[in-house]
Amino acid sequence: MPAVTETPRTRRVTASRRSSPPARGARYFVREGIEGVKRNGLMSVAAATVTMVTLLALGVALVVADSLGQLAQSLERKVQVVVYLREGLGAGDLAVIRDRLERLPGVTGVTYVSKDEALAQFQTTVGARVNLRDLLPSNPLPASFILGVDDPARVRALAAAARALPQVEGARAGAEAVDRLVEVTRVIRLAGTAATVGLALVAMLIIVTTIRLTVFARREEIEIMRLVGATAWFIRWPFVVEGAITGIGGALAALLVVGGAYAWLVWGARAASPWVPLLAPEQVALALTWKLLLWGLLIGVLGSLLAVRRHLHL
Amino acid sequence: MIQDWPRGAGAAAAPAMVEFEQVSKIYPTGIEVLREVSFRIEPDEFVFVVGPTGTGKSTLMKMVYREETPSSGRVLVAGRDVTRLPARQVPLLRRRVGVVFQDFKLLPRKTAWENVAFALEVTGTHPSEVEGRVQEVLDVVGLAPRSGALPGELSAGEQQRVSIARALVHRPPLLLADEPTGNLDPDTSWDIVQLLSRINVQGTTVVVTTHDKMIVDILRKRVIALEGGEIVRDQPRGLYAGGH
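Protein chains in written order, with my numbering: chain E, 14 to 327; chain X, 2 to 245.
Check the hints yourself; a few may be wrong.
Taking lysine to aspartate or glutamate and the EDC-like style, the derived pairs with C-alpha atoms no more than 20 Å apart in a straight line are [to be verified]:
1. K63(X) / E45(E)
2. K111(X) / E45(E)
3. K111(X) / E233(E)
4. K63(X) / D179(X)
5. K106(X) / D186(X)
6. K106(X) / E233(E)
7. K63(X) / E48(E)
8. K63(X) / E115(X)
9. K111(X) / E236(E)
10. K106(X) / E236(E)
11. K106(X) / E234(E)
12. K111(X) / D140(X)
13. K111(X) / E234(E)
14. K111(X) / E48(E)
15. K111(X) / D82(X)
16. K106(X) / E180(X)
17. K111(X) / E154(X)
18. K214(X) / D192(X)
19. K63(X) / E233(E)
Everything labelled a hint here was simulated from the structure, so no lab data went into it.
Please read these numbers as outputs of a predicted model, since none were measured by experiment.
Next comes chain E alone, as it looks inside the complex (with noise of 0.2 Å):
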């Protein structure tokens, strides 16, 4: 056949004209994405309640810890310095120590409470059914200085420094009780995170399956997709998607369920004992809904890319 080779080309070579794949792919990205998370079905189920469970521990975590941050912080404002006085002291004694505190950094006021001051105070604290002067043979209160502080961390440099003054019997933070808050606090962020750590490598764990599951379901489409010329991560956006999607699910779901059980505890609790410093849930809301959401998009992503990895050999 002579003429065949002569036989000018008549469908030539040409470069076609292509959009950006991203752009192009998105809702089929989008689509099969979903299609993969309905094919699970139970399975998509399990992995989004997994991730649920999860968020649930860091949510807990959060909104605890936030709501101690708060009470930690508002005991923080009133953190004064105690200075005991020796008994005894005269005026002049008196007017030279108020004069030294005074003169110490931070702090912004010095009240003078004396021996009889405090008693009364005492008194006040304990009620009127016993009465603390038929009680005691004499005062055993000290009298004192109370330092007001600028700020919370300088308290303990103040106490000792107020120590070291003649006069002085001792002097006591006020900040201690904080101190012991901040660090429960601290621990329950920690212990929070640990817990949700641990909790998301199984939740990923589960997503890695249930994509597994989807990727066996496709390969004919995958094994067709890279011979035709799909770029690998033409391929692999599907799943990506179906991963995202389980952990969103999964935080949504955790979202109802923290933020449902806080808000009902905090207007029980508002019912119960106005004064407790408890956040408002709307306050609450907005930091836990992107953190949690984050964090189930995290898992998601995280597990599915594991799930490709693993199991899409491009």
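Following the hints, put chain X in place on chain E, whose structure we already have.
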């Protein structure tokens, strides 16, 4: 990206469409499928690669679209060494090399039309381009009237036509058909081979592996015969079994 594809027969300096240079393939199990295989296929050629099953015909084809890489030697497609092609450029190579298989590899839940369009959609072709291109290749393979049928509703020959249409939809300069008639009866096989021949005439280089003696002997195209992983014969206007 692979550019500068050969501009057709006759251009003296043009690179070969496919060139194997001393290609060997030894699998980790120690089995040697190809041994020092060298040949050139020029643009617009129609070539049969023949030989008994297990002589490395499929491995040879897979090396052209980089599904396999040689243990040693070079495989050049349009002058470009595809064994050294970065992974991210492999998809671009595959859009320029159409592949047809014995088992058609059609998606059972997509119609003939959708199966062909799929190849365009997953490579990011603009939707406005898809319809015309699919119509065009379905016309070429003569399957336009059956475009709404699912693969299960088509005969084996029709399914192979769909798969050929899909291989052509990127307008590749090179078409590889690995045992395209392996699942077909003699009459249908002959139809498919004539279709491939027509596609070749219209300007596509076509490489067909087969162990179908009848079609090779009737068509009298170039024959590369493999046996035990080596080329035992490379003959223009050849026969399946050699001779004249």
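Enumerated hints in conflict with the structure, sorted upward: Per hint list: 1, 7, 8 and 15 violated.
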